[in-house]
Amino acid sequence: MSEKNLHIKENKIDSSVSLGGLNLKNPVMTASGTFGYGLEFTPFMDLASLGAIIVKGLSLKPRCGNPAPRIAETPCGMLNAIGLQNIGVDAFISDKLPLLADIDTHVIANIFGETVEQYCEVARRLEDCETVKAVEINISCPNVKRGGIVFGVDPVEAAKVVSTVKKSVKRLHVMTKLSPNVTDIKVMVRAVEEAGTDSISLINTLSGMAVDVEKRSPRLGTVTGGLSGPAIRPVALKMLWEAAGVAAVPLIGVGGITTTRDALEFIIAGAAAVQVGTASFMDPSASQSVAHGIDDYLKRHSMTLSELRGSLSTP
Amino acid sequence: MKAFSRATVLYNRESECGARRLGLKLKADGLRPGHFFMLRSPNTIDPLLSRPLGLYRVLDAAGEVLPVKRQSPFSGEGIEFLYNVVGRGTTLLSEKQPGDELQLLGPLGNGFPLPQDLGTDKAIMVGGGMGIVPFYLMAALLKDGLFLFGARGAADAALAEDFSGLPCRVEVSTEDGSVGAKGLVTALLARELTPDSLVYACGPPAMLKAVAAMAASAGARSYVSLEKTMACGIGVCLGCAVKIKAEHAGARGQLKMVCSEGPVFDSVTIDWDDIC
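Taken in sequence, the protein lines are chains A and B. For what it's worth, the working numbering labels the leading residue of the first sequence as -2, then goes sequentially. For what it's worth, the working numbering labels the leading residue of the second sequence as 3, then goes sequentially.
Check each hint, because a few of them may be wrong.
Here are the computed distance ranges between Cβ atoms for each label pair [said to hold, decoys possible]:
no.: 1; chain 1: B; residue 1: Tyr13; chain 2: A; residue 2: Pro72; range: 23 to 33 Å
no.: 2; chain 1: B; residue 1: Val88; chain 2: A; residue 2: Ala98; range: 36 to 46 Å
no.: 3; chain 1: A; residue 1: Thr112; chain 2: B; residue 2: Ala248; range: 50 to 60 Å
no.: 4; chain 1: B; residue 1: Pro207; chain 2: A; residue 2: Gly307; range: 28 to 38 Å
no.: 5; chain 1: A; residue 1: Val208; chain 2: B; residue 2: Asp273; range: 18 to 28 Å
no.: 6; chain 1: A; residue 1: Thr112; chain 2: B; residue 2: Ala157; range: 54 to 64 Å
no.: 7; chain 1: A; residue 1: His298; chain 2: B; residue 2: Arg90; range: 31 to 41 Å
no.: 8; chain 1: B; residue 1: Ala248; chain 2: A; residue 2: Pro72; range: 32 to 42 Å
no.: 9; chain 1: A; residue 1: Asp209; chain 2: B; residue 2: Lys145; range: 54 to 64 Å
no.: 10; chain 1: B; residue 1: Ala251; chain 2: A; residue 2: Val243; range: 39 to 49 Å
no.: 11; chain 1: A; residue 1: Ser299; chain 2: B; residue 2: Thr46; range: 25 to 35 Å
no.: 12; chain 1: B; residue 1: Ala5; chain 2: A; residue 2: Asp209; range: 31 to 41 Å
Away from chain B, derived, C-beta distances all over 12 Å, residues of chain A [to be verified]:
no.: 13; residue: Glu37
no.: 14; residue: Ser165
no.: 15; residue: Arg230
no.: 16; residue: Asp280
no.: 17; residue: Ser310
In case anyone wonders, no lab produced these hints; they're calculated from the structure. Glycine included, every Cβ here is placed at the ideal spot set by N, Cα and C.
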């Protein structure tokens, strides 16, 4: 046991969490696409204060993403249509990963493919990188023409991606990120769970749109995009709670979490862990504040994280 | 050193020209012409995003504008921004009173390359409207500076008086001809441009595009400060992508981020057809 964990034990705060074999020092992660490759945040916070960082979605080949404008502000939220711009898995492994090796937190790689085979190949290349502890399968990006959401709204296709990725890795924990753009989230939860996912994160962005009425043109270059930020939090929370009713694997709540109180809502509703996303754009140290805030809450209520999880008392 | 911090409003007043001057108490160093900060109101989620504002001047502890010195980077006990109220974010910003707090992320961006680093101490600065902002500090670094300021009318043009104590010549053009030359600022540039000119420009996209084309055809170097909608300011949201020309593309392709790889770019690298 590290000195740090010992210290936590002595103070009787146990905010560590095990996500089906993936042990995190606390339940706070950063959501993919809102935290770059992690290093951008080192001037503003201590990455070691987090349970894990989830880096920007990686594809087999570099992707240049969508035309401008790519973001538009909406009430308490923002639309984005970045289109999974990324440096590609190989450049990530050679250029970024070595810089993350010494950081005292887990690195989780969000992965994306246009075909099932591409998802697997990205995962296989990360399998040999010890710094990466898990992959988060992105079957929920609404901003790409092929792949992504195509897999995320069809339980059969989703299961196919998950089971094939799961079979192509041994060491890596497999987390699957679900889209909210479905009729019944429980169907998707069951499908990816049966396909063998080790954990489930939800939700990705909600499909959305905004119009510039003076120009009578869409405010995004791709017309539609994905809505994130506090505006989507109640929707995410309801879906997490529904998922918790049927899921056996650990759930990671994502969607508009900005403050400690927001994160606690998800944990009380059944999340084993949470991801802080768009809030990092507003305050680059938001995730660290949430992690510290959860510790304070547990101390104040003399509770462990596992006691808190799913403790919602419903009428 | 870039940081996320709280700063107290020293003043936030409308100037004679309509633009607002916002002075903040903030110990800052490493400041360069062309740097910007992301500003937001604490504890609000609507508007969600911080607003990027360019650094205008550096203040002392009493909130007075520091006299300029020919030495970069700059440091001070406060900073000043100049902004126009254009939308909801800047309207809310305009309502901040002395003593109120703002959250700031910065200084951000690359800033203009310094003339000294480019082997000269003379340059032509071209500013359109709020594009005046980076050139107060830049003018301080030049021995032989020329500032060409394009304004809409007499009210806007009054901003040029801020430059009166600086070691630089100022020429003004207004669209209505009420002050200085009538017409666009690019007409002033046409008179001054030579192959060995170093041009710095900040202003509306169409002005920057024109300046870039003029400098290129004269064989002169030019650097432009671009503006794009951005969420994070530190290169992670990837919202403020700008397209660069294929021949200047690196291993990462043809996109660069205005916030973290800019906002200042060598104008020959920009794919101007993609801008406007």
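Results of checking the hints against the structure:
no. : hint                              : verdict
1   : B:Tyr13 <-> A:Pro72: 23 to 33 Å   : holds (30 Å)
2   : B:Val88 <-> A:Ala98: 36 to 46 Å   : holds (45 Å)
3   : A:Thr112 <-> B:Ala248: 50 to 60 Å : violated (28 Å)
4   : B:Pro207 <-> A:Gly307: 28 to 38 Å : violated (52 Å)
5   : A:Val208 <-> B:Asp273: 18 to 28 Å : holds (27 Å)
6   : A:Thr112 <-> B:Ala157: 54 to 64 Å : holds (59 Å)
7   : A:His298 <-> B:Arg90: 31 to 41 Å  : holds (39 Å)
8   : B:Ala248 <-> A:Pro72: 32 to 42 Å  : holds (39 Å)
9   : A:Asp209 <-> B:Lys145: 54 to 64 Å : violated (45 Å)
10  : B:Ala251 <-> A:Val243: 39 to 49 Å : holds (48 Å)
11  : A:Ser299 <-> B:Thr46: 25 to 35 Å  : holds (33 Å)
12  : B:Ala5 <-> A:Asp209: 31 to 41 Å   : holds (34 Å)
13  : Glu37                             : violated (5 Å)
14  : Ser165                            : holds (27 Å)
15  : Arg230                            : violated (10 Å)
16  : Asp280                            : violated (7 Å)
17  : Ser310                            : holds (28 Å)
Violated hints, listed in ascending order, are 3, 4, 9, 13, 15 and 16; each of the other numbered hints is respected by the structure.
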